[in-house]
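Going by my numbering, the letters in the sequence shown line up with residues -14 to 135, in that order.
Keep in mind that the hints were calculated from the coordinates and are not lab data. Careful, some of the hints might be misleading.
25 Å max Cα-Cα, derived SDA-like pairs, lysine to any residue [as the list claims (entries may be wrong)]:
(1) Lys25 to Asn74
(2) Lys61 to Asp39
(3) Lys61 to Asn103
(4) Lys25 to Asn73
(5) Lys27 to Phe(-1)
(6) Lys71 to Phe24
(7) Lys11 to Lys61
(8) Lys2 to Ile21
(9) Lys25 to Ile101
(10) Lys114 to Thr70
(11) Lys6 to Ile(-7)
(12) Lys69 to His9
(13) Lys6 to Glu99
(14) Lys27 to Lys6
(15) Lys61 to Trp134
(16) Lys61 to Gly22
(17) Lys123 to Val(-2)
(18) Lys61 to Gln(-12)
(19) Lys71 to Ile21
(20) Lys2 to Lys49
(21) Lys2 to Gly96
(22) Lys25 to Ser(-9)
(23) Lys25 to Gly3
(24) Lys123 to Ile(-5)
(25) Lys49 to Lys69
(26) Lys2 to Asp129
(27) Lys11 to Asn30
(28) Lys61 to Gly3
(29) Lys6 to Ser(-9)
(30) Lys2 to Arg131
(31) Lys125 to Gln104
(32) Lys114 to Gly96
(33) Lys49 to Gly83
(34) Lys61 to Leu133
(35) Lys2 to Glu130
(36) Lys125 to Gln95
(37) Lys27 to Val89
(38) Lys114 to Gly83
(39) Lys58 to Thr82
All values reported here derive from a predicted model rather than from experimental measurement.
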Amino acid sequence: MSQSLSNILIHIVFSTKGRQKLLHEKIRQKLYAYIIGIFKTKSCNYYQLGGVDDHIHISCSLPKTISVSDLIKEIKTSTSIWLKTKDNNLENFHWQTGYGVFSVSPAHLQGLCEYIANQEEHHKVTDFKEEFLGLLNKYKINYDERYLWD
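Start from the sequences, fold in the hints, and give me the full structure.
Right, here's the structure in full:
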């Protein structure tokens, strides 16, 4: 084959350090726009961004030129620096150390995008810990809960 082709769809989830509720609606909208700018520089297609005060979800395709860990490092590092300049309450902002990333079938992408778009409703009845543990179990990822939260 003379070219390399890929369609790697992923669902990324990470929270603020200590799950602090720092991402109010107005700042989240600006944050999503900033992340979209990062995706454009990385030739990365995004499908949906969403979240609530203490975490965000991203559905995107992974470009063949960058690893998952490098993409997430770029997003978290750049946005952390950017957020610190946007609000006095965010001058000590940090994301959690880790993240969750899950592969997504193209057949399930629309459902995932709807799920991410409805985070506000979802979190009226479910907190981040419960949601994240549910994702780990759904995707059959082994974990030790002692090391999940920071």
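We went through each hint and held it up to the structure:
Restraint check for Lys25 and Asn74: the C-alpha separation of about 28 Å exceeds 25 Å, so the hint is violated. A threshold of 25 Å between alpha carbons decides the hint, and for Lys61 with Asp39 the separation of about 14 Å falls inside it, so the pair holds. Straight-line distance between C-alpha atoms of Lys61 and Asn103 comes to about 22 Å, which keeps the hinted pair within the 25 Å bound. A hinted pair counts as satisfied when its Cα atoms are at most 25 Å apart, and Lys25 with Asn73 does not qualify at roughly 28 Å.
Of the supplied pair hints, the one linking Lys27 and Phe(-1) holds, its CA atoms being roughly 20 Å apart against a limit of 25 Å. Taken as a hint, the Lys71 and Phe24 pair is honoured in the structure, with Cα atoms around 20 Å apart against an allowance of 25 Å. For the proposed pair Lys11 and Lys61, the alpha carbon gap of about 19 Å is at most 25 Å, so the pair holds. Straight-line distance between C-alpha atoms of Lys2 and Ile21 comes to about 22 Å, which keeps the hinted pair within the 25 Å bound.
Proposed proximity of Lys25 and Ile101 is supported: the alpha carbons are some 20 Å apart, at most 25 Å. A threshold of 25 Å between alpha carbons decides the hint, and for Lys114 with Thr70 the separation of about 28 Å lies outside it, so the pair is violated. Between Lys6 and Ile(-7) the alpha-carbon distance is near 31 Å, which puts this suggested pair outside the 25 Å criterion. Straight-line distance between C-alpha atoms of Lys69 and His9 comes to about 14 Å, which keeps the hinted pair within the 25 Å bound.
With a C-alpha separation of about 23 Å, the suggested pairing of Lys6 with Glu99 holds against the 25 Å cut-off. In summary, the hint linking Lys27 to Lys6 is not supported, as the alpha carbons are separated by about 29 Å, beyond the 25 Å threshold. Distance hint between Lys61 and Trp134 is fulfilled; the C-alpha atoms sit about 17 Å from each other, no more than 25 Å. Only pairs whose Cα atoms come within 25 Å are accepted, and Lys61 paired with Gly22 is accepted, the gap being roughly 13 Å.
About 14 Å separates the Cα atoms of Lys123 and Val(-2), which keeps this hinted pair within 25 Å; it holds. Annotation: proposed proximity of Lys61 to Gln(-12) is violated, straight-line Cα distance about 31 Å (limit 25 Å). Distance hint between Lys71 and Ile21 is fulfilled; the C-alpha atoms sit about 17 Å from each other, no more than 25 Å. Distance hint between Lys2 and Lys49 is unfulfilled; the C-alpha atoms sit about 30 Å from each other, more than 25 Å.
A hinted pair counts as satisfied when its Cα atoms are at most 25 Å apart, and Lys2 with Gly96 does not qualify at roughly 28 Å. For the suggested pair Lys25 and Ser(-9), the alpha carbons sit about 17 Å apart, so the restraint of at most 25 Å is met. Between Lys25 and Gly3 the alpha-carbon distance is near 30 Å, which puts this suggested pair outside the 25 Å criterion. In summary, the hint linking Lys123 to Ile(-5) is supported, as the alpha carbons are separated by about 15 Å, within the 25 Å threshold.
This hinted pair does not check out: Lys49 and Lys69 have alpha carbons roughly 31 Å apart, beyond 25 Å. For the hint pairing Lys2 with Asp129, the CA-to-CA distance comes to about 19 Å; that is within 25 Å, so the pair holds. The suggested pairing of Lys11 with Asn30 holds, with an alpha-carbon distance near 23 Å, which does not exceed 25 Å. Of the supplied pair hints, the one linking Lys61 and Gly3 holds, its CA atoms being roughly 15 Å apart against a limit of 25 Å.
Simply put, Lys6 and Ser(-9) have alpha-carbon atoms about 36 Å apart, too far for the 25 Å limit, and the pair is violated. For the hint linking Lys2 to Arg131, the alpha-carbon distance of about 16 Å falls within 25 Å, and the restraint holds. Restraint check: the Cα-Cα separation between Lys125 and Gln104 comes to about 22 Å, which is no more than 25 Å; the hinted pair holds. Using a Cα cut-off of 25 Å, the hinted pair Lys114 and Gly96 holds, with the two alpha carbons roughly 21 Å apart.
Distance restraint check for Lys49 and Gly83: the Cα-Cα separation of roughly 22 Å lies within the 25 Å cut-off, and the hinted pair is therefore satisfied. Restraint check for Lys61 and Leu133: the C-alpha separation of about 17 Å stays at or below 25 Å, so the hint holds. With a CA separation close to 16 Å, the supplied pair Lys2 and Glu130 stays within the 25 Å bound. The straight-line distance between the Cα atoms of Lys125 and Gln95 is roughly 21 Å, inside the 25 Å bound, and the hint therefore holds.
The hinted pair formed by Lys27 and Val89 meets the criterion: a straight-line CA distance of about 20 Å does not exceed 25 Å. Distance restraint check for Lys114 and Gly83: the Cα-Cα separation of roughly 14 Å lies within the 25 Å cut-off, and the hinted pair is therefore satisfied. Restraint check for Lys58 and Thr82: satisfied, since their Cα atoms lie roughly 10 Å apart, inside the 25 Å limit.
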